[in-house]
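K.L.:
Take the sequences, apply the hints, and build the full model.
Chains as they are written, first to last, in the numbering used here: chain G, 1 to 1113; chain Y, 1114 to 1495.
A hint or two may mislead.
Claimed, not checked - As a list, the in silico DSSO-like pairs of lysine-lysine whose alpha-carbon atoms are at most 27 Å apart:
| # | chain 1 | residue 1 | chain 2 | residue 2 |
| --- | --- | --- | --- | --- |
| 1 | G | 635 | Y | 1187 |
| 2 | Y | 1375 | Y | 1386 |
| 3 | G | 284 | Y | 1386 |
Read the hints as simulated data drawn from the structure, not as lab findings.
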Amino acid sequence: MTTQRDDEYFVFLDTKGKRWPRLRLLIVLSATLLFVALVLFFQSLLVTSQLQLPATIREMKARLKVLETRDAQVIPGKHKALWNDFAKAPATDQSQPASRHRDRPPGVVRLGFSVDWDPGSYESLREHGNELTHLCPEWLTMTDGEGNMAVKRDTLAADLAKKHHLVLLPLLNNLDGDDANPEAVEGIINGPEDRRAHFVGALLAELRAAGAGGVVIDWVEIDVSYRQAMTAFLLDLATALHDIKMELWLCIPAGMELNVYDLEKLAAGVDRFVAILHDENSEKDPPGPIASQEWFSGWLATMTEYGQPGQWVVAIGSYGYDWAADELPAEEIDFDDVMTRAGRAGLRPEDIGSHSLNPHFQYLDNGVPHTVWFLDAITAFNQMRLVASSQAGGIAISRLGTEDPGVWKVLAIHDINTPSARDLAALGQMRAEGKTSHVGTGEFLTVEPTWEDGARQVSLDENGTVIEHLEKFPTYRTVYHQGQGGADQVTITFDDGPDPVYTPRILDILKREEVKAAFFLIGSNIESYPALVRRIVDEGHEIGIHTYTHPNLATVSNERAFLELNATERLIETVTNRSTTLFRPPYNADSRPHLESELRAVQLAQSLGYLTVSNNVDPEDWHDATRESIIERIKELRPHGNVILLHDAGGNRSATVAALPEIIAYLKRRGDSIVPLGAMLGVGPEFLMPPQRAEHPSLAQVVSASGFKALHVVEELLWAFMIVATVLTFVRALFVAALAFVHRRREKRNILLQPFHPPVSVVLAAFNEAKVIRETLAALLDTRYAGLLQVVVVDDGSSDATAAIVGEIAAADSRVRLVTTPNRGKARALQTGFVVADHEVLVTLDADTRFTPDTIAHLVAPLRDDTVAAVSGHVRVGNARTFIARCQSLEYICGFNLDRRAYDLLDCITVVPGAASCLRKSAVIAAGGISTDTLAEDTDLTLALHRLGRQVRYAPQAIAWTEVPESFTDLTRQRFRWGFGTLQCLWKHRDLVFKPGQGPLGWFSLPGTWFFQIFLVALTPLVDLLLLLSLFWGAGAEISLYFVVFLLTDLFLAVAACLVEGEPLRQAWLMVPMRFLYRPLLAWVVWKSIQKALKGAWVRWDKLKRTASVVTH
Amino acid sequence: MKYLGLFSRDLRPSRLATLLLATALLLCLGGGVAAEVPKQQGPLPGDAKQPALIFPSDGAYCGAFLDFGNSEDKVTLEAIEKFERMVGKHQAIIASSSFWGEMTFPSKNVSLIIRHGSIPLIFWSPWDRPYDQEKPPDRFGLEEILAGKWDAYIDQWALAAKETNVPLLVSWGLEMNGNWFPWSGCWYGGEHAGPSGQTGPELYKKAYRYVVDRVRARGAANILWGFHANHYTYPHDGWNRMSNYYPGPDYVDWLGLSVYGKQFADDDWASFKNVMEEGYQELALLDEEKPILVAEFGVGEFPGEGSKAEWLSEALELLRTHYTRVRAAVYWHERWANADGTFSNLRVNSSPEALAAFRRGLSLPYWLERPQLQAKKPTHSP
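P.N.:
What follows is the structure, encoded as structure tokens:
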């Protein structure tokens, strides 16, 4: 059975056996080199730059200091006791006005004011919602005297109110930004009837829609001239609200403004007065107590005289103001910010003053003296005691999010007038974990991630006043802000670039307008468009790092985040010979990050020496923007911010480009100077982007530079390959399909067989075919062929009953002749058969192939033409039962037969399959006979006939049903044999490719086979890998496009083939699963073939295997 | 068409020829706008490179002072655009102050206003912080100015003004015929000669001329000087008349008037005609030719008293039809709190009715929203 011959020659046979060892050595050496290069490259990416930001910028905590000259602190003198002017006149008439509020119980209401622009407000609400009864979120703002309102529905607050069973009381105010808009109120309350009615209607509708229990009105700076109108309007409004079971709550200011409210009359209609007992000194006043005890108690006593005490809800402040030097307005700060400033500045407990029971202190920030006054849990404690004794209806917290968490402990005290020692002790603990505080202003962020709990001593003094002694300031995780710049300074920043389309256009505009901007670049884009990066730097703009692949750094590992920054830095150094110290995290470039996840990126960047740059003017040009919307939003936000965020990449940025000239013009009209980030920080360009010392680049730099360059080349090649392959595949598909259709039309015309019946010898090589040979021969002999027929069966040393069966048939039918030889392989068996055959016209078939009665006639027909030397039959799959077989059936239809039609038209058929072919014996002999040096002797012979200049034709009507492997393993074996054979033939006949005079064979079908069946198939796994990777890294869109084009092309060919062959179209859909199962198999086969070819030692075992595979059933 | 020129001290014939040529060219290019050769009056034209402000006789500029903060000088584009959106018209003139206490020239404001396409009207007021009215003279007193104590500041201011290279309307020492500003005659002895040996108005005049001379000497020929009085002389005495303060035609390019209706709760309501008539006539007598600018006007909102809407309607109507020498009207758009807790709301939008009336009145094409500038065409040499 093992009849291999070592002396026999095969294509790719390596007689000396040295090819493989040499190649292997080469491969191992290359792989080692590549590996070392990769290691060096990655190592170079891990080497951090020696970024040297001065300590003043890196170590922000050093900037806060104790203000030593405390005697300079001025405590404002006592205000006139203005509240006395508002004392209720002694009632001459004892009868109280009818009031529906006579029986308001004291101390029940706990109202919380919340805002939607401070996440801390929601956090506090989530945590302490259960301790409240009412919630007042910002909601409605009156915008003009016509009754128009800006509605900002805080649905999150409404949901939280519902969750905690709080009565929702939306706020109706008259603020225009930070300024009052009294005209909006005055115009309504003093307006004509219909205007008032219209306004009230709109208000009620909104309250109803919100599911509110009423409204809290907070109107400021209303002129006292409107006092009467105010009373009338509010009483009307109260009635309208009561009609729909809602309440009217009215904020009552302490001070001259109280004049506009006629409390006595209003008490009859207004459900609750909310006494605003904070802001004795507001942010617009010079430093002073926010609610001194005397002031608080004076106003409280005065106000609660009006109406019923239980009707009053007293708003208690819990926040601070920070005055920088004598600048106004002061900054409103949270309690955590207050504590952090004191603690980080290194204040001692005795540095906290407590004039009029309001704590205050001073500190230095970068040499600028600051004064802070604040209200905390202890001031609230004292105030709540007064509130309790006033019998007022309750308190309001102003506001959720700024408060000292101790306030909630005070609220929990059972009897506030006689607190237990435990109550007081509980107030002593000040937890700092989890909160973030902010210090300073500006968009350059650094983080101090540590926190420390604080402690205070709380006790009652002899007057029954609660006093505190801060023992240790709690310090919170702190974000330091710097680089605020001047009021007229503004910076434009661009994220996500560079982009080949938009960045140059933006640079052109900036150049024309002589504006310098900052670009936060993505590493992968730098890698793709290094020239653009150089242009950005050359034209004087700043560049910063926006990571390599734009991930959300909050969700990636530390290692990945580190690499994201460092690789981008290396790349920038390579491209520009400069480093950069600027960084902006993707997704989280919010001006006031507060979550730990948001701060992680800042912290990491900081530890590597980068300065994080946030933004505070985001016109959302990345998201459904138009030129106008971008400009409008910038106009709206510019008064409150000075670092503008735009995008020059990552999508269609034409709106940004279109808006930019007008943005610049607007800013200039505004009187702004558009400056780079360095100017905001007060430093020069060299400072933020230090140049590399070009003459002495470090080894790491050289390595990373070469690495990036190599990466760039590889990437370019891959893209080129994708594009070329897609285009070629597509064009070829169109061409082949067109030719096939033409062929089909001509065939229909020539359907009638000409009378041509030469004698024919059918040659069949059989090896262990006992199971099929009988039926094969029966089908063969059942032919309608009119000419003389001889059947030569060469039994190639079968070990089964093949010879016996054939002998039996031969005995019965004289047309059959059996020749038995020792097993030497199919090629030699055929050689033998051809010698034995009597006739000039030879027909071959495989032992498992069944002819139809007309197959021979159709096969022979083209031979009427003397130049035709070989005819290919139409091989179809006869056993399309399993999935694999059905796939093959489709492959035969569109892959083989469609091609063959096309090739037939151009006379460049590359293979006349042994399973169904017709050959002219003389031509075969002239071509050197059946050669045994390849596994695909049919292909070899076909190409040899072409060399002789003979024609090779295709007879689509000559149908032969063959059996295909039904298991993956068998299919793999078969395809390996074919693949290897094809490779051998291609190699053997490589001189035909692009050979002048070879015509379509040399210029179309053979190169096509090389490219599409070897090269492209071999690269399929690479494409798949790229696709998977790109999907994973988020850049899948472009690659998937090519992938889809490939798939559609395959589908198109399948459909075309089914149409041509009249097969049902539905099987064309098999192409999709085939792409994922079949293609990888073919790729594996090609790779294996190449490997074997390179080894040159395939012969021995394969011959055995392949014979076995033929007999599969 | 009236035409207000700029000063020039030396204009040599050779240069003049060039100028003539250049101007002729410009005029040709200008087409219709410059078809009518403006009537030359008052001061002579200066550097032809500087455009001059034209006061067309068939219209008047609208302008406004907005609430620019405590020192009246925090000019912002947002405030201007908001006001213009509200009244429905671009403003040809934007007024703001330059208080001596700041010791600067308001370059930023001026360039912002110019870029916005308006002409700046600058109230250049010699007083010090805190800027509270009814306060005696401070370190910027008239004598100190005349003694040369502030020459350096004046020079610096003049050079900066010159650099802007556009026409600037400047009102120095405004409302001198009142008693609330420290430069008023009443703070300097009134009709009696003070320590300087001169009456209050005399001293004011001297200081005015001193300042203008000094600024001109620095070459700031682009300034159009305004003599800007209050509509009502207070104290209402003969010595305090506007004419006693008038520094003379050579020092004045335009006559300015502040015209206010009721501003405070304890004022009586008065119609526009009531507050305008006397002051207008008195001012108009000072010079027959010079354009009159209502450099400030406004009225508070007092519900239940007079109708602000009517007042504004009447003002804009009479300024157009009756007070025909008025070439510009600048509205004082401000609301402030008084010590007694009341507010003076002069804003045009103090009520929807007031705003509607103002919009309606201003919408007429008579109220010009863009300054008309023209290159100088000198008609004769000095």
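K.L.:
What are the numbers of the hints that this structure violates, sorted from low to high?
P.N.:
3
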